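Chains as they are written, first to last, in numbering that gives the first Met the number 0: chain A, 0 to 62; chain B, 0 to 240; chain C, 0 to 218.
Hints should not be assumed to be uniformly reliable.
Unchecked claim - In the SDA-like style, the derived pairs of lysine to any residue whose C-alpha atoms are separated by at most 25 angstroms in a straight line are:
| hint | chain 1 | residue 1 | chain 2 | residue 2 |
| --- | --- | --- | --- | --- |
| 1 | A | 36 | B | 113 |
| 2 | B | 113 | A | 3 |
| 3 | A | 36 | B | 15 |
| 4 | A | 36 | B | 9 |
| 5 | B | 17 | A | 16 |
| 6 | A | 37 | B | 9 |
| 7 | A | 37 | B | 113 |
| 8 | A | 36 | B | 22 |
| 9 | B | 113 | A | 6 |
| 10 | A | 37 | B | 13 |
| 11 | B | 17 | A | 30 |
| 12 | B | 113 | A | 30 |
To be verified - Covered by chain C, per the in silico footprint, the following chain B stretches (three or more residues, Cβ under 8 angstroms):
| hint | segment |
| --- | --- |
| 13 | 21-33 |
| 14 | 171-179 |
Hints are computed from structural coordinates only; laboratory data are not their basis.
Please read these numbers as outputs of a predicted model, since none were measured by experiment.
Just so it is clear, CB atoms sit at the ideal spot from N, CA and C, and this is done for glycine as well.
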Amino acid sequence: MNWPDLSMGGYGFYVWGSYIFSLIAIVWEVVSLRSRKKALTQQQSSNTVPASVLRERTHETTS
Amino acid sequence: MNIYKYASPAMFYPLAGKMIPWFAIPAALLFAAGLYVGFFVAPTDFQQGDAYRIMFIHVPAAWMGMFLYVLMAIYAGIGWAFNARLSSMMASSIAITGASFTLISLVTGAFWGKPTWGTWWVWDARMTSTLILLFLYIGFISLQAAIDDPRRADRAGAVLALVGVINVPIIYFSVQWWNTLHQGATIRILGKPTIAGSMVAAMLIMLAACWLYSVAVVLIRLRCIILEREQNASRFAEVGA
Amino acid sequence: MLRWIVERDLMLAWRRRADMLSTVFFFVIVVSLFPLGIGPETQLLRTIAPGVVWVAALLASMLSLGRLFANDYHDGTLEQLLLTPQPLFLVVLGKTLAHWIVAEVPLVLVAPLVGVQFDLSRETLWILFASLLLGTPVLSLIGSVGAALTLGLRGGGVLISLLVLPLYIPALIFGAGAVEASIMGTSPAPHIYLLGAFAIVSLLFSPWATAAALRISLE
Numbered sequence: 000m001n002w003p004d005l006s007m008g009g010y011g012f013y014v015w016g017s018y019i020f021s022l023i024a025i026v027w028e029v030v031s032l033r034s035r036k037k038a039l040t041q042q043q044s045s046n047t048v049p050a051s052v053l054r055e056r057t058h059e060t061t062s
Numbered sequence: 000m001n002i003y004k005y006a007s008p009a010m011f012y013p014l015a016g017k018m019i020p021w022f023a024i025p026a027a028l029l030f031a032a033g034l035y036v037g038f039f040v041a042p043t044d045f046q047q048g049d050a051y052r053i054m055f056i057h058v059p060a061a062w063m064g065m066f067l068y069v070l071m072a073i074y075a076g077i078g079w080a081f082n083a084r085l086s087s088m089m090a091s092s093i094a095i096t097g098a099s100f101t102l103i104s105l106v107t108g109a110f111w112g113k114p115t116w117g118t119w120w121v122w123d124a125r126m127t128s129t130l131i132l133l134f135l136y137i138g139f140i141s142l143q144a145a146i147d148d149p150r151r152a153d154r155a156g157a158v159l160a161l162v163g164v165i166n167v168p169i170i171y172f173s174v175q176w177w178n179t180l181h182q183g184a185t186i187r188i189l190g191k192p193t194i195a196g197s198m199v200a201a202m203l204i205m206l207a208a209c210w211l212y213s214v215a216v217v218l219i220r221l222r223c224i225i226l227e228r229e230q231n232a233s234r235f236a237e238v239g240a
Numbered sequence: 000m001l002r003w004i005v006e007r008d009l010m011l012a013w014r015r016r017a018d019m020l021s022t023v024f025f026f027v028i029v030v031s032l033f034p035l036g037i038g039p040e041t042q043l044l045r046t047i048a049p050g051v052v053w054v055a056a057l058l059a060s061m062l063s064l065g066r067l068f069a070n071d072y073h074d075g076t077l078e079q080l081l082l083t084p085q086p087l088f089l090v091v092l093g094k095t096l097a098h099w100i101v102a103e104v105p106l107v108l109v110a111p112l113v114g115v116q117f118d119l120s121r122e123t124l125w126i127l128f129a130s131l132l133l134g135t136p137v138l139s140l141i142g143s144v145g146a147a148l149t150l151g152l153r154g155g156g157v158l159i160s161l162l163v164l165p166l167y168i169p170a171l172i173f174g175a176g177a178v179e180a181s182i183m184g185t186s187p188a189p190h191i192y193l194l195g196a197f198a199i200v201s202l203l204f205s206p207w208a209t210a211a212a213l214r215i216s217l218e
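The whole structure should be built from the sequences, with the hints applied where relevant.
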């Protein structure tokens, strides 16, 4: 294993710039998905019909 | 065992949830492994110096952008032909990931171009075709965003994606022709770095990492889309927990 | 049926002649803007002429696409057309043909005149005319797919542009390429042949895609 030249032979800005941009894009994607999911599940739990009410409603249709 | 039950969004939702860690964790590991091989094992290139190491993210990202577009078109086509909602949702989910990879490949390509060719942007056939691919993704995403009715959005997207996928080879061919015609004005690429085994290994590992990452992220987004569209179905009443 | 649709659309367009003219005026104005923005040096103008004229033609076509189906959609005629026993392919082909005659042919006829602004030779002007004559059907045909997909949506013209401009690129490359070849002195024939090939392929496949898109938009 050879420890790499961190300045990348003078091209450090370009190499690290690319990887940092890619990292930002990937992190952005994951984070925005997380918050989308969270918003949805919060919405779901506030929309959730309690099980007892659900049972009542389905029974209503049979009467 | 009836696997066709998984064609229903409600049935696929928990399965997708279980699948995600199986892709996300190996993806993270492979990214680490690929970067290790790419930076610690692969030697400095004779012609391009260390700048070539951008290739390890640029090339996989470009390939993913292209593969994902075709995959998106296939899922959209299946969703349209068989009236399969889940398949169309999958296509919508892939779109953003594919566009993201295409953008990564364009930006990293520019970062590679500056030290290698002297300019941030070069109108060579591949970069130009990738730019057009990004436009195709943007068109698909915009069209679906503009249509309120989800089923109409699915089908319209399918038509657009299929027309796009047929056009991609035509566009690539046209751009290549255009590029060779105007060669006098463009700066020629210095030539691929001599491919050492470790370089190939690093690229393939990164490609695998990108694939696994894409599957994980697409499945996560798919679950969000399923929730958004199927919200009112009572079988989702328990999901909130 | 085809003839009926074409005649009907032509008649309706004739009642709105101003729309036809506005497309042509837009084209002329846009083409004239470039020298104003870039400078009057003739050599430079000759270099940019193929691209500028073609891009202006693309933009002008795109602006006119909205009109292809919108009017019929709004008054319910389009739904009725979908219900006829005649194949939708023919209806679409007819409407696209009428659209081409009304919106694109004037551009093709005016193009040599604006080409003069760029100091193009007689022969190049002919090639410009020919390339647009072959290329504008491609623009109408592919554009019709975009118009059908975006029927009735907000977002309007910009959305159609996003969808359709990437698909126009091969026609642009070879159309402008033909004119440029003529300026350089090399043969424009390969470009023209390829443009012709695109025209034939889009003639065969676009109406089918547009018909499918119309059904999707109208159900």
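We went through each hint and held it up to the structure:
{"no.": "1", "hint": "A:36 to B:113", "verdict": "violated (39 angstroms)"}
{"no.": "2", "hint": "B:113 to A:3", "verdict": "holds (21 angstroms)"}
{"no.": "3", "hint": "A:36 to B:15", "verdict": "holds (14 angstroms)"}
{"no.": "4", "hint": "A:36 to B:9", "verdict": "holds (16 angstroms)"}
{"no.": "5", "hint": "B:17 to A:16", "verdict": "violated (35 angstroms)"}
{"no.": "6", "hint": "A:37 to B:9", "verdict": "holds (18 angstroms)"}
{"no.": "7", "hint": "A:37 to B:113", "verdict": "violated (40 angstroms)"}
{"no.": "8", "hint": "A:36 to B:22", "verdict": "holds (18 angstroms)"}
{"no.": "9", "hint": "B:113 to A:6", "verdict": "holds (16 angstroms)"}
{"no.": "10", "hint": "A:37 to B:13", "verdict": "holds (16 angstroms)"}
{"no.": "11", "hint": "B:17 to A:30", "verdict": "holds (20 angstroms)"}
{"no.": "12", "hint": "B:113 to A:30", "verdict": "violated (30 angstroms)"}
{"no.": "13", "hint": "21-33", "verdict": "violated (count 0)"}
{"no.": "14", "hint": "171-179", "verdict": "holds (count 5)"}
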